[in-house]
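Construct the entire structure; sequences and hints are all you get.
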Amino acid sequence: MAIFKDKNYFRVDLSKEPDESLWMRCKSCGELVFKRRIRENNNICPNCGAYFFLTAKERLESLIDEGSFVDISKPIMDDDPLEFTDTKPYPKRIEEAQEKTGLASAIILGSATVSEIPVVIGVMEFQFIGGSMGSVMGEQICHGMEEAIRRRVPFILVSSSGGARVQEGIFYLMQMAKVATVRTRLAEEGIPFISVMTYPTTGGVLASIASLGDVIIAEKGATIGFAGRRVIKDTIAEELPENFQTDAFALAHGAIDRVVPREDLKDELGKLLSLFVEVG
Amino acid sequence: MSDEQTLDLLETKIKELRELNKMDGIDLSSEIARLEAKLTALRKELYSNLSEWERVKLARHPARPYALDYIGMIFEDFYELHGDRLSGDDQAVVTGLARLDGTTVAVIGQQKGRSMEENKLRNFGMPRPQGYRKARRIMRLAERFSFPVITLIDTPGAYPGLAAEENNVGEAIAVNLETMARLRTPIISTVIGEGGSGGAIAIGLADRILMLENAIYSVISPEGAAAILWKDKERVREAAAALNLTAPRLYELKVIDEVVPEPLGGAHKDPPKTAAALKDALLRHLSELMELSPDELLKSRYDRYRGIGRYRTLTDK
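Chain order of the listed sequences is A and B.
Be aware that the first sequence starts at -13, since it is given in the numbering used here, and climbs by one per residue.
Be aware that the second sequence starts at 485, since it is given in the numbering used here, and climbs by one per residue.
Stretch-level coverage of chain A by chain B, calculated; a stretch enters the list once three of its residues show a Cβ under 8 Å from a Cβ in chain B:
no.: 1; region: 65 to 71
no.: 2; region: 151 to 158
no.: 3; region: 163 to 175
no.: 4; region: 194 to 202
no.: 5; region: 239 to 245
What the hints contain is simulated information worked out from the structure, not anything from laboratory work.
From the three backbone atoms N, C-alpha and C, an ideal C-beta is built for every residue, glycine too.
Here's what the structure looks like:
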């Protein structure tokens, strides 16, 4: 699937850079920058401000109070209900994704504090089969919402997903219904749900849980849309504007509440949460 | 000559012989009986073992009955209602009130067109956000008066385009799912043709999910899967098989509740018979659902969706 065409994002796998090299060249401004400075700066180029891709773990660290995270995910992993093989068997894909990311699935789920406010937070890992939603992600999201209800704390979901886990076919599609169903309980229980859309939030994740936040915040540079550019071009051959499915496009058309730069995201979340939750 | 053309030829022949048979002094009944037996045998042979891709073609067959055809054959007094009350009236979604065996129900159907002109109006059955919002409006209306909701799914998918994105189609689908999850009245969804991904499930969260025998329900079209996953547009047959998109298979996987039988050769071979079978199924499921109180109904719907999905439990090594 065509990804990472966005100018604001560059896929830089810092772990793959040779260890001895302390410096790297920013693919946006071309400057040599000190790698540690990038890491310390939320993967933002200290020279030009371009965003480098964040892994789910890095994203999580950038949003929560240091050391506050406790994994509360269910001990489950992807099955292969359809025995799906395209160019490669699905279990092989899962295995490779697990090796690549060091994660059991495409989502991290835990309890944490943000500006000292306890929350349940889920973060999707785009590098795990495009952050696509299969049965495991659906279950973890629902489990997270139920934990938020049990603990009486807000639920935060940071999306980074291409949408469908095609290899799970109908079971993926039913996850859209599943997460939307469980989301209604948060509303009934008066538990706030903040949806954070990052690069990218698309397809069935956008058309289910990500669009159902009480408040929806997008990170600057996020791609937000239902059908990808290629699908639209293949289906109806329509010319699309330059800003199509950008954060600004989503904001202008009323799909999201705010666009927030990465460096301000944590503070904004804290401020917003404090309006829902009594602090101290 | 394709298999279907051979069948059509035989059918025409039989019809001709029947006409001749009516004339004086000619008795062709034994010849007719012989051809009919041959036709039945051939049909059985051809259609009892359909491949996934053949079912995809039947699900999209241009002569296949569409939502309005079924509405006409199954319900009485259909009274169409228009508009989402926000920005438009999407003709790819038909909504209204009607009577099903005397009970007032709300009907929501995705409608394809047959001619080019009709398809322009119906947008090839690809709903826009306005269509999903109209559907939601009708669901709310149904809830207010405890009318059961009957949805008929038949779409290649939600309309992909600039205007759809500008009107926030993702939200329209998501909110429909949320709405259907808690709607205090029975919902029965039937895939009558194509169940195209998010565009289908947006009116498909229900207490009972039925599929016509040759309908399909899939996250992506076989063509799309072939292009994206196999990087080869020709491999649609393989993709159709891998996607597990047929009604019998989805029943085996316990995702749907019933496969409604179609006549040999597909629904278009005998639309009234197909409609009668669907009506029978709808009435059966509806009478079961009407036994439940709204709270019981919501609980069983909640449990159904809360439990859906297949994953492995990791055990400590």
